[in-house]
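*Asks:* Residue strings, one per chain:
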Amino acid sequence: MAATVDAIAEIIASTCNLDRATITVDSHIIDDLGVDSLDFLDIAFAIDKRFDIKMPVESWMEDVNAGRASSDDFFIMRNLAARIDDLVAARAAG
Amino acid sequence: MDFESFRLVDALDELSLSPARIAMRGRVPERSTILDAHFPGHPIMPGVLMVEAMAQASGYLLLALTRAGRMPFLAEVREAKLRAFVPPGAELAIAAELEHEGSGYAVTRASIARDGRRVAEAELRFRTVPFPAPELAAQMRAAMVRVGLPDPAEAGA
Chain Y
51 MAATVDAIAE IIASTCNLDR ATITVDSHII DDLGVDSLDF LDIAFAIDKR FDIKMPVESW
111 MEDVNAGRAS SDDFFIMRNL AARIDDLVAA RAAG
Chain H
1397 MDFESFRLVD ALDELSLSPA RIAMRGRVPE RSTILDAHFP GHPIMPGVLM VEAMAQASGY
1457 LLLALTRAGR MPFLAEVREA KLRAFVPPGA ELAIAAELEH EGSGYAVTRA SIARDGRRVA
1517 EAELRFRTVP FPAPELAAQM RAAMVRVGLP DPAEAGA
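Chains as they are written, first to last, in our numbering: chain Y, 51 to 144; chain H, 1397 to 1553.
It should be emphasised that the hints constitute simulated quantities derived from the structure, not laboratory data. Treat each hint with caution, since some may be false.
[As the list claims (entries may be wrong)] Okay, the calculated bits of chain Y under chain H, using three or more residues with CB under 8 Å as the criterion: (1) 87-93; (2) 97-108.
[To be verified] Below 16 Å or equal to it, Euclidean Cα-Cα: the simulated EDC-like pairs (lysine to aspartate or glutamate) are: (3) 99/Y / 1497/H; (4) 1477/H / 1497/H; (5) 104/Y / 82/Y; (6) 1477/H / 1519/H; (7) 104/Y / 135/Y; (8) 99/Y / 60/Y; (9) 99/Y / 1517/H; (10) 104/Y / 1497/H; (11) 104/Y / 1495/H; (12) 1477/H / 1426/H; (13) 99/Y / 135/Y.
[To be verified] What follows is a list of derived Cβ distance ranges for each label pair: (14) 57/Y / 1465/H: 24 to 34 Å; (15) 64/Y / 1476/H: 12 to 22 Å; (16) 1476/H / 60/Y: 50 to 60 Å; (17) 1529/H / 88/Y: 21 to 31 Å; (18) 69/Y / 1525/H: 31 to 41 Å; (19) 1529/H / 115/Y: 15 to 25 Å; (20) 113/Y / 1476/H: 48 to 58 Å; (21) 99/Y / 1414/H: 11 to 21 Å; (22) 1473/H / 60/Y: 22 to 32 Å.
All of these numbers come straight from a predicted model, not from anything done at the bench. All residues carry an ideal CB built from backbone N, CA and C; glycine is no exception.
Throw the hints in and build the complete structure from the sequences for me.
*Replies:* This is the structure:
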């Protein structure tokens, strides 16, 4: 997961002109890093391309809006990395 | 094309859903109040309308891919290049291909050519969302039929 966190952090830092050092595994990318919706579109595209996946962001947001999940579950760096790892593993499993 | 009604593509030439790409055409009007002002004595199609033409062709591609199930809204224009003046009456070939379809967004690469020579290009990013109003959905479906795309109602039948 550490490698995934690093990759995501690099993408966010580059997309949002943030100091990479300010991004930790515990950072919430919206609440702590101030990523807005347009920047997140760019981040999602970069992550999808980097990992050859399609992050189900709309489904995640539906879960948050319906109270079935917390935004922390998807947008804290360690949790986002874990979900990306799961998506990569699912793709590899076919 | 009709600048005043913001119709910047006229008709479909070719559509492929896999790989996802579209070729359309549009003729720059001979007369327009926009061309009167842009510029007096030297009328040329405004660059922002060339970008819009590429966005509209991309939008038709995305509408075709979802059978008009979601509305693409232009969110980002990247690496736009306006390579040549486009005068009144010019016949333009407007093309777009899908670069990536994500969750709630899509990315296209689009271009405009005149007489086989590229005059504009850009990477465009769209938010793709459920239609926020039934009137808009109906308007988009009618526009698809008008330019020669498959009727989404029939395509989904």
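*Asks:* Would you mind marking each hint as holding or not holding in the structure?
*Replies:* Quick rundown of the hints versus the structure:
{"no.": "1", "hint": "87-93", "in the structure": "holds (count 3)"}
{"no.": "2", "hint": "97-108", "in the structure": "holds (count 7)"}
{"no.": "3", "hint": "99/Y / 1497/H", "in the structure": "holds, 10 Å"}
{"no.": "4", "hint": "1477/H / 1497/H", "in the structure": "violated, 23 Å"}
{"no.": "5", "hint": "104/Y / 82/Y", "in the structure": "violated, 24 Å"}
{"no.": "6", "hint": "1477/H / 1519/H", "in the structure": "holds, 10 Å"}
{"no.": "7", "hint": "104/Y / 135/Y", "in the structure": "holds, 12 Å"}
{"no.": "8", "hint": "99/Y / 60/Y", "in the structure": "holds, 14 Å"}
{"no.": "9", "hint": "99/Y / 1517/H", "in the structure": "violated, 21 Å"}
{"no.": "10", "hint": "104/Y / 1497/H", "in the structure": "holds, 8 Å"}
{"no.": "11", "hint": "104/Y / 1495/H", "in the structure": "holds, 13 Å"}
{"no.": "12", "hint": "1477/H / 1426/H", "in the structure": "violated, 24 Å"}
{"no.": "13", "hint": "99/Y / 135/Y", "in the structure": "holds, 14 Å"}
{"no.": "14", "hint": "57/Y / 1465/H: 24 to 34 Å", "in the structure": "holds, 32 Å"}
{"no.": "15", "hint": "64/Y / 1476/H: 12 to 22 Å", "in the structure": "holds, 21 Å"}
{"no.": "16", "hint": "1476/H / 60/Y: 50 to 60 Å", "in the structure": "violated, 26 Å"}
{"no.": "17", "hint": "1529/H / 88/Y: 21 to 31 Å", "in the structure": "holds, 22 Å"}
{"no.": "18", "hint": "69/Y / 1525/H: 31 to 41 Å", "in the structure": "holds, 33 Å"}
{"no.": "19", "hint": "1529/H / 115/Y: 15 to 25 Å", "in the structure": "holds, 20 Å"}
{"no.": "20", "hint": "113/Y / 1476/H: 48 to 58 Å", "in the structure": "violated, 36 Å"}
{"no.": "21", "hint": "99/Y / 1414/H: 11 to 21 Å", "in the structure": "holds, 19 Å"}
{"no.": "22", "hint": "1473/H / 60/Y: 22 to 32 Å", "in the structure": "holds, 24 Å"}
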